[in-house]
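Asks: Sequence:
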Amino acid sequence: MEAVSRTAQWTAAARALETEREDRLFADPYARTVADQIGFELLERYAGGGTVPFLAIRTTYLDRAIVAAVEERGIRQVVFLAAGMDTRFFRLPWPDGVTVYELDRPALLEAKAEMLRNEPQPAGRTRITVPVDLTQDWTGPLKEAGWKSEEPVLWVVEGLLFFLPEQAVRTLISTLSAHAAPGSVLLGDVISKAALENPLARTFLSALKDDGNPWLFGTEEPEALLDDCGWAVREVRQPGEDGADFGRWPYPVPARSVPRVPRSFLFTCDLPTHSEERAA
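Position one of the sequence shown corresponds to residue 1 (full-length UniProt numbering), numbered consecutively onward.
Accuracy of the hints is not assured; some may be wrong.
Unchecked claim - Pairwise CB distance ranges (calculated):
no., residue 1, residue 2, range
1, Thr126, Ala178, 19 to 27 Å
2, Glu20, Ala68, 24 to 32 Å
3, Pro259, Gly97, 44 to 52 Å
4, Glu241, Lys193, 14 to 22 Å
If you're looking for bench data, these hints aren't it; they were derived computationally from the structure. Just so you know, even glycine gets a beta-carbon here, dropped at the ideal spot from N, CA and C.
Using the sequences provided together with the hints, build the complete structure.
Replies: This is the structure we're talking about:
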């Protein structure tokens, strides 16, 4: 697989560690399989900076937000962009009739399929993989795979935005709002610019760069970014805050008004209604 795709196995290894805790926040019985040896090697290489607790929190936050979106909003199309080694199709309690689309590079999807070839497909749901390069046109292949732009969709951009340059981030998020029907939801995460310059994370960031996976984008104002790109922000949470702690975050959380603090943000957004757009 491409170097950038191997980070998906790093995060899978972190999910495996959480799964094996007695007080686990979630159970991912597939994580160790898709992590493979390289995932645990990378977990050791990228150790420090609270990465393991953060990944446990991010997974838990998004798990719960995904389940809420399909159950409470009735969304039946779920699209994971840069799906990586995500296994939510297999492990979450999806309602009948849900179709999960997983978009990623062809080599990664092929490797994942091989790893999971013996896993039974859960009943009542459909999984469709769409091999694409997200820097190229991907909406066309997604529509060809069966996705309907006129129906509400749940977009999930987990662990993706900080690998892209700013213009690519804005283009992607704007594309998601432009191709979403009323009732659609966007979930994801992003980091602050200060996190890209954090001296305490220099070893971690250098290792990512050396491995061909540099972090490129951060923002101190995720709300403004999402709003500019056509989304109504429902919430933004930092790990350790209410709704994004889960007993895992070991550090204090400085107020947003404190400058130059490395931060991670978890967000939930809705597509604004026409009345909201006019009011804005």
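Asks: Each hint should be assessed against the structure and marked as holding or not.
Replies: Against the structure, the hints:
As the Cβ distance of Thr126 to Ala178 is approximately 25 Å, the hint placing it in 19 to 27 Å holds. At about 26 Å, the beta-carbon gap between Glu20 and Ala68 stays in the expected band of 24 to 32 Å. Checked against the hint of 44 to 52 Å, the pair Pro259 and Gly97 passes, with Cβ atoms roughly 47 Å apart. The hinted window of 14 to 22 Å between Glu241 and Lys193 holds, with their beta carbons roughly 19 Å apart.
Every hint from the earlier list agrees with this structure, and none is contradicted.
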